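Given the structure of chain S, go ahead and fit chain E onto it with the hints provided.
Next come the chains, spelled out residue by residue.
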Amino acid sequence: AQKVTQAQTEISVVEKEDVTLDCVYETRDTTYYLFWYKQPPSGELVFLIRRNSFDEQNEISGRYSWNFQKSTSSFNFTITASQVVDSAVYFCALSDISGGYNKLIFGAGTRLAVHP
Amino acid sequence: GAGVSQSPRYKVAKRGQDVALRCDPISGHVSLFWYQQALGQGPEFLTYFQNEAQLDKSGLPSDRFFAERPEGSVSTLKIQRTQQEDSAVYLCASSSRTSGIYEQYFGPGTRLTVT
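Top to bottom, those sequences are chains S and E. For what it's worth, my numbering labels the leading residue of the first sequence as 1, then goes sequentially. For what it's worth, my numbering labels the leading residue of the second sequence as 1, then goes sequentially.
Looking at chain S on its own, in the form it has when it is part of the complex:
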């Protein structure tokens, strides 16, 4: 079965702290894709990143970085020097492409609160 686990329900940090959001996944597929989405209070899911199972290079985009490790089935997300605007719920998701289309399987999400 395919599954995504985000063990951290809520994280609270003070502005400028670094914070890492954990994501562990389960899949039997050899080819798969992982995603991170941000859900601000407005409710709309905002795409952050997509990684495929063949590319384990870490990625950095501004203050955001992602660490993909197949050996531990993890795809962790780090925000450096957090800001109040980073406050949101963050979801990790795994693609299920068995039907030929991209159905997403989401974790339960981690609520990040960044305080001034």
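The set of hints was computed from the structure by calculation and includes no laboratory data. Quick caveat, the model's predicted, so the values are computed rather than measured. Hints may be right or wrong, so weigh each one.
Said to hold, decoys possible - Think about it this way: if two alpha-carbon atoms lie no more than 25 Å apart in a straight line, the pair counts; the simulated DSS-like pairs of lysine-lysine are:
1. E:K14 x E:K78
2. E:K11 x E:K57
3. S:K70 x S:K16
4. E:K11 x S:K38
5. S:K16 x S:K38
6. S:K3 x E:K57
Using the frame of chain S, we list chain E on its own:
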């Protein structure tokens, strides 16, 4: 350009009522997904359309749930005889592609509360 829009944004229904939730995808997007997000949980897949064809409805929780996309653009998710457990945010997502891995663009959702 315009993103995915959903209406109404909020809906309160009494138990037993029927509701209809609308999704306007990005113009020209052929793929359309519906997800259900319970409070404090991640979105869960409900159904998938490729143009007007409903290719997967495996996630619909009961036969009270029905979705359609008759002209391959606007989609409606209908819930008959609503129950309290139907209270959730219903998210719609669309994409320009039908195969491979692609980004889904999400709407703001409709928050349904069944009293």
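Evaluated hints:
1. E:K14 x E:K78: At roughly 15 Å apart (the allowed maximum being 25 Å), K78 (chain E) and K14 (chain E) satisfy the hint.
2. E:K11 x E:K57: At roughly 23 Å apart (the allowed maximum being 25 Å), K57 (chain E) and K11 (chain E) satisfy the hint.
3. S:K70 x S:K16: Distance ~30 Å between K70 (chain S) and K16 (chain S) Cα, so the pair is violated.
4. E:K11 x S:K38: holds (24 Å)
5. S:K16 x S:K38: holds (19 Å)
6. S:K3 x E:K57: Roughly 19 Å separates the two Cα atoms, so the pair holds.
In the structure shown, a violation is registered for the earlier hint numbered 3 alone.
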